[in-house]
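Take the given structure of chain A and dock chain B to it, following the hints.
There are 2 protein chains.
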Amino acid sequence: MVREHLAEMVEKGLVNPTGLISHGRGEAFDYLMGERSLEPSLVAEKAAAAYLLRAKHPVVCVNGNAAVLDPKNLIALAENIPAKLEINIFHRTEERMELLISYMESEGAKNILGRNPDSRIAGLNHDRALCTKEGIYDSDVIIVPIEDGDRAEALVSMGKIVISIDLNPLSRTSKTASVSISDEMTRALENIMRFLKEMKGNEKEISDVISNFSNNDNRKIMIERICNSLMSEFEKGEN
Amino acid sequence: MVREHLAEMVEKGLVNPTGLISHGRGEAFDYLMGERSLEPSLVAEKAAAAYLLRAKHPVVCVNGNAAVLDPKNLIALAENIPAKLEINIFHRTEERMELLISYMESEGAKNILGRNPDSRIAGLNHDRALCTKEGIYDSDVIIVPIEDGDRAEALVSMGKIVISIDLNPLSRTSKTASVSISDEMTRALENIMRFLKEMKGNEKEISDVISNFSNNDNRKIMIERICNSLMSEFEKGEN
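Chains as they are written, first to last, in this note's numbering: chain A, 158 to 396; chain B, 158 to 396.
Please keep in mind that the hints were generated in silico from the structure rather than gathered at the bench.
Wrong hints could be hidden among the right ones.
One copy or any two copies: either way a pair holds, since identical chains are not told apart in the list.
[What the hints assert, rightly or not] Straight-line Cα separation of at most 20 Å, DMTMM-like style, residue types lysine to aspartate or glutamate; simulated pairs:
#, residue 1, residue 2
1, K393, E381
2, K229, D297
3, K229, E255
4, K393, E310
5, K377, E392
Chain A extracted, bound-state conformation:
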């Protein structure tokens, strides 16, 4: 069903055809995780919630795949933090930007940024560098679901805390991000919102979660879990 929906969104011009290929790459990793949030996914999601609560200028950055996969939870996350919501796409055309922004608005987004970019992400070429000053440019903590490696690197270089949601724990985005969440996007968004609710106002817990989190250690555990899952999946098939 998700696949047919994405294919339809390609026809409508909201998703670039190559977005289907990256979705497929994600599916493979989700499959390896048994299509559930593993313990290291939850650890990263809790750290993400802590950073977002601590942020002065948090931003939820939305690309084409993310927008059409789960607009409602992206909007709900931005409202719950609260954070600015900005559309930022790799294959940028004005027409596609307008389609995506209208789509998010039809799903309930208010004050969505991206229509009138007035800044650039440093170190990125082409139109994909375009962003707004009030949103991405001035953000201190930014969550980038399904991001490309270049942009994740550029945002980290700008000194931002970058929270990625990327099913591949070895992708360039995951290697680069400050908090690398390897989980399916909808599950990740819902888990983060649960942690936001749990920790809101509890400054001591927020500080503890941030200081106890090691992204590198957590990614290593994630990869070990994927291997265990692979082997047990194989053994199930033998019966």
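Frame of chain A; chain B shown alone:
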């Protein structure tokens, strides 16, 4: 480049949009393999070559993704065995069949089957069951690059030796096939052709290769190799 080519082939109607998603899933596994033929891939490719040389009615079965990814090597494989070449697609329309057959012919294919199906693959619903008697239906050994699990199961149930090329060693196709090659398609086709050349006429070696091959053991080794590759990829990133 491959991605842009596939996206273009979607626009031309040769590839179904969901074919891009399955390509992406394959890419993820290729990435885990370090984008090279691992030793268990080669073991399966040699077994495939042995079965194809031993076959009475070998068939190379081609779907949309396979056709546009590497038509030349598919044609070369069919000529080298020699085997019949048949187009068989999941999302079948007469228009798409004609586009794919014409595409393969423009790439040099002769006597390609699939235009006028006169048989059905037992146990499959819908038009994707359609095949030719002289090709798929009467085959004893059939190589199916990038196949869906249903069709692989149906072909095995018909008593055929099914050789799959599927990057995911845990897919239903890989679990079902008689010889499961987990490798990128072009590498797999080229390796099989090398083994065909090496073994042609050597009946003793062909028999030995077939009797020494255990698909289940080989898949297990493949999964262990993927895990090793994941861990070493992670450790490289730590430096």
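We went through each hint and held it up to the structure:
In this assembly of identical chains, K393 and E381 lie within 20 Å of each other by CA distance both inside one copy and across copies; the values are 18 Å within and 15 Å between. In this assembly of identical chains, the alpha carbons of K229 and D297 never lie at most 20 Å apart, being 24 Å within a copy and 51 Å across copies at closest. For the homomeric pair K229 and E255, the shortest alpha-carbon distance inside one copy (18 Å) is at most 20 Å, but the shortest distance between copies (41 Å) is not. Only between protomers do K393 and E310 lie at most 20 Å apart by alpha-carbon distance; the minimum there is 18 Å, versus 39 Å within a single protomer.
Taking the shortest Cα distances, K377 and E392 sit within 20 Å of each other only across copies (9 Å), while inside one copy they are farther apart (23 Å).
Against the hints set out earlier in the document, a violation occurs for number 2 only.
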